[in-house]
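This is what each chain is made of:
There are 2 protein chains.
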Amino acid sequence: MKTKLNIAIVGTGNLAWHLANAIDSSEHNLLQVLSRDQKRAEEFTQNLSAKGISRIDDIDANVEIIILALTDTALKGKYIAQFPKNAIMCHTSGSISMRVLKSHKKHGIFYPLQTFSKQKEVDFSNIPICLEASDNEVLQKLHVLANSLSKSIYEINSKQRKALHVAAVFACNFTNLMYDISSDICNDANLNFDILRPLIKETAAKVQNHFPEDVQTGPAKRNDGRVIEYHKKFLYDYPDYQEIYDLLTYEIQQKHEEL
Amino acid sequence: MKTKLNIAIVGTGNLAWHLANAIDSSEHNLLQVLSRDQKRAEEFTQNLSAKGISRIDDIDANVEIIILALTDTALKGKYIAQFPKNAIMCHTSGSISMRVLKSHKKHGIFYPLQTFSKQKEVDFSNIPICLEASDNEVLQKLHVLANSLSKSIYEINSKQRKALHVAAVFACNFTNLMYDISSDICNDANLNFDILRPLIKETAAKVQNHFPEDVQTGPAKRNDGRVIEYHKKFLYDYPDYQEIYDLLTYEIQQKHEEL
Numbered sequence: 004m005k006t007k008l009n010i011a012i013v014g015t016g017n018l019a020w021h022l023a024n025a026i027d028s029s030e031h032n033l034l035q036v037l038s039r040d041q042k043r044a045e046e047f048t049q050n051l052s053a054k055g056i057s058r059i060d061d062i063d064a065n066v067e068i069i070i071l072a073l074t075d076t077a078l079k080g081k082y083i084a085q086f087p088k089n090a091i092m093c094h095t096s097g098s099i100s101m102r103v104l105k106s107h108k109k110h111g112i113f114y115p116l117q118t119f120s121k122q123k124e125v126d127f128s129n130i131p132i133c134l135e136a137s138d139n140e141v142l143q144k145l146h147v148l149a150n151s152l153s154k155s156i157y158e159i160n161s162k163q164r165k166a167l168h169v170a171a172v173f174a175c176n177f178t179n180l181m182y183d184i185s186s187d188i189c190n191d192a193n194l195n196f197d198i199l200r201p202l203i204k205e206t207a208a209k210v211q212n213h214f215p216e217d218v219q220t221g222p223a224k225r226n227d228g229r230v231i232e233y234h235k236k237f238l239y240d241y242p243d244y245q246e247i248y249d250l251l252t253y254e255i256q257q258k259h260e261e262l
Numbered sequence: 004m005k006t007k008l009n010i011a012i013v014g015t016g017n018l019a020w021h022l023a024n025a026i027d028s029s030e031h032n033l034l035q036v037l038s039r040d041q042k043r044a045e046e047f048t049q050n051l052s053a054k055g056i057s058r059i060d061d062i063d064a065n066v067e068i069i070i071l072a073l074t075d076t077a078l079k080g081k082y083i084a085q086f087p088k089n090a091i092m093c094h095t096s097g098s099i100s101m102r103v104l105k106s107h108k109k110h111g112i113f114y115p116l117q118t119f120s121k122q123k124e125v126d127f128s129n130i131p132i133c134l135e136a137s138d139n140e141v142l143q144k145l146h147v148l149a150n151s152l153s154k155s156i157y158e159i160n161s162k163q164r165k166a167l168h169v170a171a172v173f174a175c176n177f178t179n180l181m182y183d184i185s186s187d188i189c190n191d192a193n194l195n196f197d198i199l200r201p202l203i204k205e206t207a208a209k210v211q212n213h214f215p216e217d218v219q220t221g222p223a224k225r226n227d228g229r230v231i232e233y234h235k236k237f238l239y240d241y242p243d244y245q246e247i248y249d250l251l252t253y254e255i256q257q258k259h260e261e262l
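As they're listed, the protein sequences go chains S and P.
All residue numbers for the first sequence refer to the numbering used here, where the first residue is 4 and numbers rise by one.
All residue numbers for the second sequence refer to the numbering used here, where the first residue is 4 and numbers rise by one.
Some hints could be false.
For identical chains, the list gives no copy identity; a pair is met inside one copy or between any two copies.
To be verified - With a cut-off of at most 20 Å between alpha-carbon atoms, the simulated SDA-like pairs for lysine to any residue come out as follows:
#1 LYS165 x ASN193
#2 LYS81 x ASN195
#3 LYS224 x TYR244
#4 LYS162 x ASN193
#5 LYS123 x PHE214
#6 LYS81 x GLU260
#7 LYS258 x TYR239
#8 LYS54 x PHE86
#9 LYS204 x PHE214
#10 LYS235 x PRO87
#11 LYS258 x ASP191
#12 LYS162 x ALA192
#13 LYS123 x ARG200
#14 LYS162 x ASP75
#15 LYS235 x THR76
Honestly, the hints are just simulated from the structure, not real lab data.
The following block holds chain S by itself, in its conformation from the complex (with noise of 0.2 Å):
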């Protein structure tokens, strides 16, 4: 098998910018970007050796692989079945089944499982990127181009990559959350969150080398029922987060209950 590979992406969101610059950076051609509107692809790709395109009829004869970057909502059928039928199609969402790829005999996704912002800068040789594929050729040169772009590459069915997804929502948005509660109480007390930014790596750093459960702390976990009250009282001007720390308190006493 040769291994560089002509790729193709469509979309110029937050993962489109990430993986183009990936690409491009690998031994791999980014051939071409496609975006609706034909200035975007243009200003996207001023960087790269990508070619900005607007309309599908524009893709070069000699792209293998088309990477659909775009928002779930985007990946219908139709639109799809619109593509080079000679190309591997592909789609990078955790949510949206292989299925909606099936006007073309080869396809597969190309899942890299991280959180984008475009004014943050990522290493891509740290994120996992998650691979499932119509047929074995296809699955091949998809771990061709995954390699190079990662060193951690993982196959996974529709059903794990849905697990993964809900998964990704509690470890990714919901952490999130709780550390915009904190910001918000510490705000109201007149207090800068740069305190509490050295905890919050502490606590993820922790989890790189254990795992959550056995490094859970907190009164929670202790079952000190005179800091929980305590807690609850200080929450009752907030009860949306008083909510949630019983529900949370209770879930943590509930695991390690068990043990």
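Take the given structure of chain S and dock chain P to it, following the hints.
Chain P only, in chain S's frame:
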């Protein structure tokens, strides 16, 4: 003011361990570590210049600051009143009032905000130390000690400390529960928790330079009803997690609706 202070630590838990090592490596003198159990005190001080003791009466007359690194429940006024009255009495708790130290004219709070485990080394210089004191002279002495251990010193009052402790439960203990739930879901789907570790790290890294509110992502933030329904269906077998998913999703929607 002379800068070399004589310190004693009471307690042999995780915080006592990290604090004792940090003070021992500073320009100050850690004279003694007190535990109810003489053997434990001696084991604890084996590689420290401090002496392990088990009786309050044995506290050196030169000790200027006694730091009670004890659990909240151990911080009783009657117990504290037995310590030499000429020393500055401090405790390290996030939730216990400074009044518990009132048997001593000179007293204060020395509260390092971090999650400590004996098995994991921490760089004390990055740990915020929150100070409060009975008077300005004590405050200055605590500053001298804190400054030699950490770059981040904050003067906060008891009311702020209470808020900070609740905030820390969200930022650390509840955050770790989110990790634990995600690990549980992965485990059931036969997925290696390693896939999520970079996401967890990046989520914490993002709020080191941004406010959590500004970097919130996910289906709740995007108000993506289809994905939310999909996830809730997935969580049907996990009623506890489904309830948490509902409540936290609602909270994110509320927060970002108002903006």
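- Item | Alpha-carbon proximity between LYS162 and ASP75, which holds within one copy, between copies, both or neither at 20 Å | within (17 Å within a copy, 46 Å between copies)
- Item | 20 Å Cα threshold - placement of TYR239 relative to LYS258 | Cα proximity of LYS258 and TYR239: across copies only (19 Å, versus 26 Å in one copy).
- Query: Between the shortest in-copy and the shortest cross-copy C-alpha distance, which are at most 20 Å for LYS162 and ALA192: within, between, both, or neither?
  - Reply: between (45 Å within a copy, 8 Å between copies)
- Same-copy or cross-copy closeness of LYS235 to PRO87 [CA-CA at most 20 Å]: neither (59 Å within a copy, 36 Å between copies)
- Between copies, within a copy, both or neither: which fits LYS204 and PHE214 at Cα up to 20 Å? The answer is both: 16 Å in one copy and 14 Å across copies each meet 20 Å.
- Intra- versus inter-subunit Cα pairing at 20 Å for LYS224 with TYR244: both (19 Å within a copy, 18 Å between copies)
- Task: Tell me, please, which holds for LYS235 and THR76 at an alpha-carbon limit of 20 Å: within, between, both or neither?
- Result: Only across copies: LYS235 and THR76 sit 18 Å apart there, 40 Å inside one copy, limit 20 Å.
- Have a look at LYS81 and ASN195 and pick one of within, between, both or neither, based on CA distance no larger than 20 Å. neither (51 Å within a copy, 35 Å between copies)
- When no copy is named, should LYS162 and ASN193 be tagged within, between, both, or neither for a Cα gap of at most 20 Å? between (46 Å within a copy, 10 Å between copies)
- Are the CA atoms of LYS123 and ARG200 at most 20 Å apart within a copy, between copies, both, or neither? Intra 17 Å, inter 18 Å, cutoff 20 Å: intra and inter.
- Up to 20 Å CA-CA - PHE86 versus LYS54, copy category: For LYS54 and PHE86, the Cα distance is within 20 Å only inside one copy (17 Å; across copies 76 Å).
- Query: Quick one: LYS123 to PHE214, C-alpha cut-off 20 Å, is that within a copy, between copies, both, or neither?
  - Reply: Result: close only across copies, 13 Å inter versus 27 Å intra.
Hint violations for this structure: numbers 2, 6, 10, all remaining hints satisfied.
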